[in-house]
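Novice: Okay, here's what each chain looks like letter by letter:
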Amino acid sequence: MGEEFYQGHTSCAGCPAAIAIRHILQAAGKDVVISNATSCSEIFSSAYPNTAWPVPYIHVAFECAAAVAGGIEAALKKLGKEKTKVIALAGDGGTYDIGLQALSGMVDRGHDVLYICYDNECYANTGIQRSSATMFGAWTTTSPSGSKSVGNQTFKKPIAEMMIAQGAAYVATSSIAYPMDIQAKVKKALSIKGPKFLLIHAPCPLAWRFESSQTVDIAKLAVETGLWCMFEYENGKRTITIKPSMRPVEDYIKTQGRFKHLKAPEIAKIQEHVNGFWKKLKSE
Amino acid sequence: MEKKSVTVGGIVANPSKGNKTGAWRSVEPFISDKCIGCGVCTQVCPEGCIVLQEKGGKKKAVVDYDYCKGCMICATQCPVKAIEKKETKK
Amino acid sequence: MTKKIMEGSHALAEAVRLANPAVIGAFPITPQTHITERLAEMVANGELDSEYLNVESEHSAMATCIGAQATGVRTFTATCSQGLALMWELLYIASGMRLPIVMAVANRALSAPLNIWNDWSDAFGARDSGWLQLYCETAQEAFDTMLQAYRIAEDKRVLLPVMVCIDGFWLSHVYEPVDVLEKQDFVKPYKPPEVQLPGGKVKMVLDPKQPISFGEYATPEYYQEFKEAQHSAMVGAKQVIKDVHDEFAKKYGRKYGNGLVDTYNMKTAKHAIITMGSVAGTIRHFIETEKIKDVGLVRIKSFRPFPFEELDAVLKNVESIGVLEKDVSPGLGGALFSEMKSVFKKPMASFIGGLGGRDITLDHLKNVFDSIRTKSEKTEWIW
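So the sequence lines, in the order shown, correspond to chains A, B and C. Just so we're aligned, residue 754 is where the first sequence starts under our numbering, counting upward by one. Just so we're aligned, residue 18 is where the second sequence starts under our numbering, counting upward by one. Just so we're aligned, residue 17 is where the third sequence starts under our numbering, counting upward by one.
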C-alpha cells in the first residue's frame, strides 16, 4: 500500500478521485495502461516534468479517453500483448457529456477496455460547473440558486443504465466510501473480456461545499439514503451490492453547502425521485 | 527566464514525490495508542501516506507527514477513534 | 513493377497497404471515402493485416490513431473538410506529442455553404497545427508520397505527423496510370523512436516494462520550449524530405523536383506561376500546347515546412510571379500569396479560384498568364 500512486500529486485535501485512483491501481497491478481524460485527475497527476503514475499513462483531450483507450487496445492486440489491461479514466464531464460519444463508440466496437468514471457531479476541474451528472437542486457556478432558480433543473443522466442498454459486458457502480468494493469490482471487470463500465461516486469537498474530512462519511450517506445505488450488472442480471436502509434524503442534503438553499418542496422532489428509482428496480 | 531543455513530446517518468505536499496543511492526524492496526485509515487516505508498521509485535498506523495534506478523513473513519486532530506547528 | 490504371484514392490505398499500418481509424467523408473503403476491402480479403476500427467520428479516428501510435505501432487515417475540422484540436495534440501519424487528406471545401468538391481550405486551416503537408499532382505522386511520408514522419530528426494531400475528386476520383510496387522495402517495419529522459533513454511507447507518461500539462514555465522544439523539428524536416525523396528517386526512378519544390519550364522563364496540387497538371498541359517560353511553373510540394530557400533559388531570375491558389482567408486574401510575400519581393499577383471545386480552365490560364506578364500586383478572382 502507498506506492501504487505516487505521493506529491496536487489533488485537494480529501479528494475522492485520489482515493479512487489508489484503489484502482492497487487492484489493476502493474500490467496496465491508463488513458486519462482532461479532468482533475489528469491535472493533479501529470504536471510536467513529473508524474504521479507508476504505470504507462496517456492524456490526450477531454472527450476521447474511450477512443484513445480503444486505439491502445487495438495496438496491444497487434503486438500480441493482449494480457496488458487498458483502463480509461475520466470524470463525469468527460463521460456523461463531452465524452459520451467516444464512450458509446468504444462499447459499440466491443473493445476490451475497462472504462472508469469517477463522478463528482460537476465539471470540477474548471471550477464547479454543471454537468448532466449534477443532482437536481444542486448549486454549481452555471446552475446557481437565486430568486429565479432552485439550482440545477435536471436529475442525473442515468449513464450506467445507458451502458447496460448498450450491452457493455459488465456495468457496475461503486463508491469511495467502500474502497475494497472498488478493488473487487476492478479485479472482476479486468477478468471479463469486452467493454466494461465502472462508475464510482466521488463526493468532492470543494464542489459540494463540505469539510475535507467528510468525504467518506458523505459518500456513505449517499448509499444509505438510496441516492447512490451500488450494483453490478452482468449477463442480463443486476445484483445490488448494498441494500440501503433508505434514510431520508434530507440527512444527506443537509451535509452539503451546494444544497443549503433547498426548501421542503425541492427536497420532497428528490425524495420522490429516489423512491421512484428503487420502486422501478424492484419490478426488474 | 532562461530557455530550458525539455523532453521530446513532453514525455516524463519522474515521480512526483519531490513535491512534499505536507507543507500544505494546517492540521494533522496524530495516531494515539488506541490504534488497533486495522488498516482502515490506510485505505481511505487520498495520499496513501498512512501505512501499517510493526511496532513491538503490534501493527500500528504510521503517517508520512512529508505528504499528509491534513484532510483528516482518517480520523473520521477510525473505528476506535484513535486519531486525534492536532495543529500543525509552523 | 506493374502499371495499372487506377483512381488516385486507390493508388494511395495501395501505398498504405505496403506501409502496413497496424491500426487504422476509419471514418468516411466524401471524397476520401474510396481510400477508406479500399482499405476495408484489403483487410477483409487478408491483403492487409490491420486492426480496422470503424470509429464513430473523425475526432475518434484521430484519437484511436494517437492511442495506437503511442502504444508503438504504425497507424493511418484519412479525412478532409468537415472531418479534418472536427479533429482540429487533436491535430495540434498529435503533433505536440511528436507522434509520427500519417494521414491522407482529399482536400475539400469547408462549409458553409456545404460543398463536397475540392479546395485547400481544410488543410490550410491546419497550417499552424504542426503537421507536415505534402501536396500531390498525380496519382503516381500520391502513391510515392504516401510511402515517403512514413519515412519522413518516423525519422528521428522529425517525429512529426504528416498529411498527404490530394485534391478531392480532381485527384481522388480520377483514373491515371500508376506504377504500383508489388512489395517494397523502402518503408521498413515500424520501430518506435527512443527519447532521452533525465533518467536515461526510453522507447516512446506505452509499455508496462518502462512506464512513462504522455500528454502532460505544461505551465508557462515550460510550454514555450515545446513549441520551439516543434518548430525546429519542422524546419529540420526540409532536409529529411529532400533526403527521403532522393533515396526514393534513386531506388525507383521517379522524382518530383527536389521533394520540396518542383519546377517546369523555368530555364528560360521570365515569369512564374506558383501553385500546388493537381492544377499544376493543367498548367503543364497549357504551357506545352501553347509552346510558352516565358512563363514557367513552380509547384510547391511541401507546404509545411514552407520551402523558403528553395523558392528563393528557383525564382532568382524571374521578373514577376502569380500565385494561383484554391483558398481564401477572409480579411487577408490568398493565404499562399501572403506566405509567398516573404519570399518574393518583386511584382506578385494573387489569383484566387477553384474554390468549392470550381473548374480552372485553359481559358482561365490564358488570362492568368497574361496578367502575370503585365507584372500585376492585383488580387484577381478566377470565375
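It is possible that part of the hints are untrue.
[Stated by the list, open to error] The calculated lysine to aspartate or glutamate pairs, modelled on EDC-like cross-linking and capped at a C-alpha distance of 16 angstroms, are:
#	chain 1	residue 1	chain 2	residue 2
1	B	Lys-21	C	Glu-237
2	A	Lys-836	C	Asp-195
3	C	Lys-286	C	Asp-310
4	A	Lys-940	A	Glu-985
5	A	Lys-836	A	Asp-784
6	A	Lys-783	C	Glu-393
7	A	Lys-941	A	Asp-1004
8	A	Lys-831	C	Asp-65
9	A	Lys-940	A	Asp-865
10	B	Lys-102	A	Glu-914
11	C	Lys-391	C	Glu-335
12	C	Lys-243	B	Asp-50
13	C	Lys-283	C	Asp-328
14	C	Lys-225	A	Asp-784
15	C	Lys-357	C	Asp-328
16	B	Lys-98	A	Asp-970
17	A	Lys-910	A	Glu-835
18	B	Lys-102	B	Glu-19
19	B	Lys-20	C	Asp-379
20	B	Lys-21	C	Asp-223
21	C	Lys-361	C	Glu-393
22	B	Lys-20	C	Glu-241
23	C	Lys-20	C	Glu-244
24	B	Lys-20	C	Glu-63
25	B	Lys-77	B	Glu-104
26	A	Lys-831	C	Asp-223
27	B	Lys-72	B	Asp-50
28	A	Lys-1033	A	Glu-914
29	B	Lys-34	A	Glu-757
30	B	Lys-34	A	Glu-756
31	B	Lys-21	C	Glu-244
32	C	Lys-207	C	Asp-171
33	C	Lys-271	C	Glu-335
34	A	Lys-990	A	Glu-914
35	A	Lys-834	C	Asp-171
36	A	Lys-830	C	Asp-65
37	A	Lys-830	C	Asp-223
38	C	Lys-225	A	Glu-835
Bear in mind the hints are in silico, worked out from the structure with no lab data behind them.
Novice: Decide, hint by hint, whether the structure agrees.
Specialist: Hint by hint, here is what the structure shows:
no., hint, result
1, Lys-21/B to Glu-237/C, "9 angstroms, holds"
2, Lys-836/A to Asp-195/C, "42 angstroms, violated"
3, Lys-286/C to Asp-310/C, "5 angstroms, holds"
4, Lys-940/A to Glu-985/A, "13 angstroms, holds"
5, Lys-836/A to Asp-784/A, "8 angstroms, holds"
6, Lys-783/A to Glu-393/C, "65 angstroms, violated"
7, Lys-941/A to Asp-1004/A, "33 angstroms, violated"
8, Lys-831/A to Asp-65/C, "9 angstroms, holds"
9, Lys-940/A to Asp-865/A, "14 angstroms, holds"
10, Lys-102/B to Glu-914/A, "42 angstroms, violated"
11, Lys-391/C to Glu-335/C, "8 angstroms, holds"
12, Lys-243/C to Asp-50/B, "55 angstroms, violated"
13, Lys-283/C to Asp-328/C, "15 angstroms, holds"
14, Lys-225/C to Asp-784/A, "8 angstroms, holds"
15, Lys-357/C to Asp-328/C, "11 angstroms, holds"
16, Lys-98/B to Asp-970/A, "14 angstroms, holds"
17, Lys-910/A to Glu-835/A, "33 angstroms, violated"
18, Lys-102/B to Glu-19/B, "44 angstroms, violated"
19, Lys-20/B to Asp-379/C, "54 angstroms, violated"
20, Lys-21/B to Asp-223/C, "28 angstroms, violated"
21, Lys-361/C to Glu-393/C, "11 angstroms, holds"
22, Lys-20/B to Glu-241/C, "7 angstroms, holds"
23, Lys-20/C to Glu-244/C, "44 angstroms, violated"
24, Lys-20/B to Glu-63/C, "49 angstroms, violated"
25, Lys-77/B to Glu-104/B, "22 angstroms, violated"
26, Lys-831/A to Asp-223/C, "14 angstroms, holds"
27, Lys-72/B to Asp-50/B, "11 angstroms, holds"
28, Lys-1033/A to Glu-914/A, "12 angstroms, holds"
29, Lys-34/B to Glu-757/A, "12 angstroms, holds"
30, Lys-34/B to Glu-756/A, "10 angstroms, holds"
31, Lys-21/B to Glu-244/C, "11 angstroms, holds"
32, Lys-207/C to Asp-171/C, "10 angstroms, holds"
33, Lys-271/C to Glu-335/C, "27 angstroms, violated"
34, Lys-990/A to Glu-914/A, "12 angstroms, holds"
35, Lys-834/A to Asp-171/C, "26 angstroms, violated"
36, Lys-830/A to Asp-65/C, "12 angstroms, holds"
37, Lys-830/A to Asp-223/C, "13 angstroms, holds"
38, Lys-225/C to Glu-835/A, "14 angstroms, holds"
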